[in-house]
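Based on these hints, arrange chain B on the given structure of chain A.
This is what each chain is made of:
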Amino acid sequence: MKLLFPLVAVAAAFVVGGVFVLLIGDDPIETYRLLIGSALWWPDGIGYTLFLATPLIFTGLAVSVAFRAGLLNIGAEGQLYVAAFATAWTGIVFGHLPAAVLVPLCCVAAVGAGAIWGAIPGLLKARFGSHEVINTIMMNFIAVALASYFTQYHYRVPGDAIMQTAPISANAYLPRLGQAMPGFPERIPLNASFVLALLACGAVYVFLWRTKWGYELRAMGSNPTAAEYGGISVRRQIVLAMAISGGLAGMVGINEVLGYRHRYYDGFSDNYGFTGIAVALLGRNHPVGVILAALLFAILTRGGIPVDAFTQHVTKDIVQILQATIILFVAAEAFFRTPLTRLREGLRRGRLNG
Amino acid sequence: MLELRNITKRFGGVLANDHINITVEPGTIHAIVGENGAGKSTAMRVAYGFYSADSGEILIDGQARAINRPHDAIALGVGMVHQHFMLVDTMSVAENIVLGAESGTPFALDLDAAAARIRSLSDEFTLSVDPHALVEQLSVGQQQRVELLKALYRNARLLILDEPTAVLTPREVDEFFAILRGMRAQGKTIIIITHKLAEVLAISDAVTVMRDGKVVGRVNTQDTSAAELARLMVGRDVLLRVEKAVAKPGAVALKVTNLSVGSGVKVGSGFSRTSRILDGVSFDVRAGEIVGIAGVEGNGQRELIEAIAGLVDPARISGDVTFEGQSLAGLDARARRERGIAHIPEDRHRRGLLLEFTLDENVILGVHYRPPVTSGVFIDDKEVRRRTVDILQRFDVRPPDPELPARALSGGNQQKLMIGREFELRPRLLLVAQPTRGVDIGAIEFIHRKLVALRDEGCAVLLVSAELDEVMSLSDRLLVIHKGRIAGEVDPAVAKAGDIGLLMTGGH
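If you're matching them up, the sequences are chains A and B in order.
Residue 72 in this note's numbering sits at position 72 of the first sequence, and the numbers go up by one each step.
Just so we're on the same page, this note's numbering is the position in the second sequence counted from 1, plus 1000.
This is chain A alone, in the form it adopts within the complex:
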């Protein structure tokens, strides 16, 4: 039942997208076959799809955790930039350390930097009551500009025309799937971060629904006055929730720096932080939903490339239309809820009478 509304929203979006394809003059069935087929093709399709899903799982989780606490974290984008830079910095500066120490250290840097960047708007809200939406958005600008500044003036290899830092030490590299699985091409950047993302989903689930801290966080999100009555410090929960959310967003830096480019590359994020909001929305702020929603968005992104190349008229813009339409339909859930609930009731009554 919980799955029904998101599924209907996705289906409706595909129908609307299909109409667009028809209007442009291509065959919608063929286009969708190409889109989904190519995204799931072994090994490149699958490999890239899972690689693209990884950051979206992290940001989707980040937004979900904040949302469960009744907070809107629009700042995942800034948090992941700060975290990615901190990861690269750690991988460069402590490059002499052995991998067994350096990799965990870089991961701590990613999570820590993201958590601090998330906790700041949390603190501002807890202390002064300023709204987290405004502050997280503002922190995004600061994060992007700060990372650019340090890259440009302090950590760029002299003479390098590209806005990127020096490479991190090879001791900090995360293994790619190709290294662990013979026959899987090593050029595909799918790496251990994907496993980390799945583990993070499990950890978030356990945290939210099995621990006292998760209970307090959800209680605050559900009814802050009742949480206060139950002896829960609402202020502390706000800071904590934003820090956890920021830390999860920061894990994007692990995938990007340790698993993929092995350096900080300016402007690397393909709006992962903002797409994370849509992923959380579609995934119903549940870790399992987040995985499914992240996979869907990754399929659309990956599948958009061959659609662009192999259809007569359709460009990858149609994929963006699809993404936007899905979000619209999910957001306008009430639009389906009434007719669907009525239909279900009608069916039930029909069954009773028949």
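Be aware that one or more of the hints could be misleading.
Stated by the list, open to error - To be clear about the criterion: a stretch of chain B counts as covered by chain A if any three or more of its residues have a C-beta under 8 angstroms from a C-beta of chain A, and this derived list gives those stretches: (1) 1238 to 1249; (2) 1445 to 1452.
Stated by the list, open to error - Facing chain B, from chain A, some residues (calculated, C-beta under 8 angstroms): (3) S130; (4) A161; (5) A226; (6) G230.
Hints listed in this document are in silico derivations from the structure and should not be mistaken for laboratory results.
Just so you know, even glycine gets a beta-carbon here, dropped at the ideal spot from N, CA and C.
Just chain B now, with coordinates in the frame of chain A:
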């Protein structure tokens, strides 16, 4: 005057009215009683055209009529006053009354003629309402009379009143009933929906009792008693009086000294007088006694309870609160709960429950972080379930399904759940506000018995209630609060409701 014949109304799968028959004779006051959800309001909304019935007939003056919208009912002389007033605060009485029934031409609203007519209606029914007064400046009782005037202005011969006394003080209720009797003498017919049995006996000529969407009885008021009506409403015998032994007070548990709560943060040594919601209150509560606080709502009761529970910003508080000889200053809500202070808040939706959470999750609110519910970091689901099942069973919460969201329970069952949770703390001080608000008669009896039983186990109980009957029958000592001050203490065993009512309103 009005007859409902075989009216059936269904909402989704719920049968709100099941072939009900109600007959109201002209020139009488007819009470319709029943518990929450019995279908009283639905039946009357059908009669007023808010809902259309799935089947059945409405007869006015013996003729079958189609009433599909309130407009039809008004044209036939039926008026309705809702529990929540439908008035525009910033407009005058006359403007409110003519709203929707304006006379004159579309370009010239003849308010003077309307005001004159309102004045004569007001005199005729001794309502003493000034047509030119602004609604926001009127007391609740006066606003209710404006609602009556609205119906009379539209020539209503039958007035349907939905829980009209819920918002009134005891004195206002008396005045209101005098007005109703006057209207009856002038030939009006009145239907009053209520669940307060004393009022039914005081005002009505005949009573229709509803339960679970059906009419279960119709009696003449003079031939019945509160006990019989309660039995019809609930379907079993109900003990209306609280049975309790004489209290055996022990040591002082709670001592409140000169406690004030300001509306904002205090500046320097104190805050200005006008900003005090609670103003220099002192009293104590001993172990094994129930101390009641009577008062019209909004006179500082909530601040009093929340200040003791640790839910008010300490910067807003002056004065001292000690529990078992130790000051509570500097302790947050959690620490106070750990000391043995339980709290049943007045507003279960806002304060007391997590409506989207399951009963399991609600039962552990406040103890979720400590053994036996949580040892270390992980919540022990088995222990939680054991606790929930135990509370649901002992406090008769229905349906007893621990995985339901709290929202799915009726008000009475939500209240029992919350009371069970707080009793489970084995408190030595219980702060309880409006324990039976919106709760059915059967559950009220149950809650009252539980509170007395807790007292008898030696717990100190501080009880706040807007229901005068409730504080009078439960309390061993009774304080009356007015404008944030203790206006007096009375002995609930001998005091008269009228005298307490006088204290509640500051002597006017």
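Now for the hints, and whether the structure bears them out:
| no. | hint | verdict |
| --- | --- | --- |
| 1 | 1238 to 1249 | violated (count 0) |
| 2 | 1445 to 1452 | violated (count 0) |
| 3 | S130 | violated (18 angstroms) |
| 4 | A161 | violated (51 angstroms) |
| 5 | A226 | holds (5 angstroms) |
| 6 | G230 | holds (4 angstroms) |
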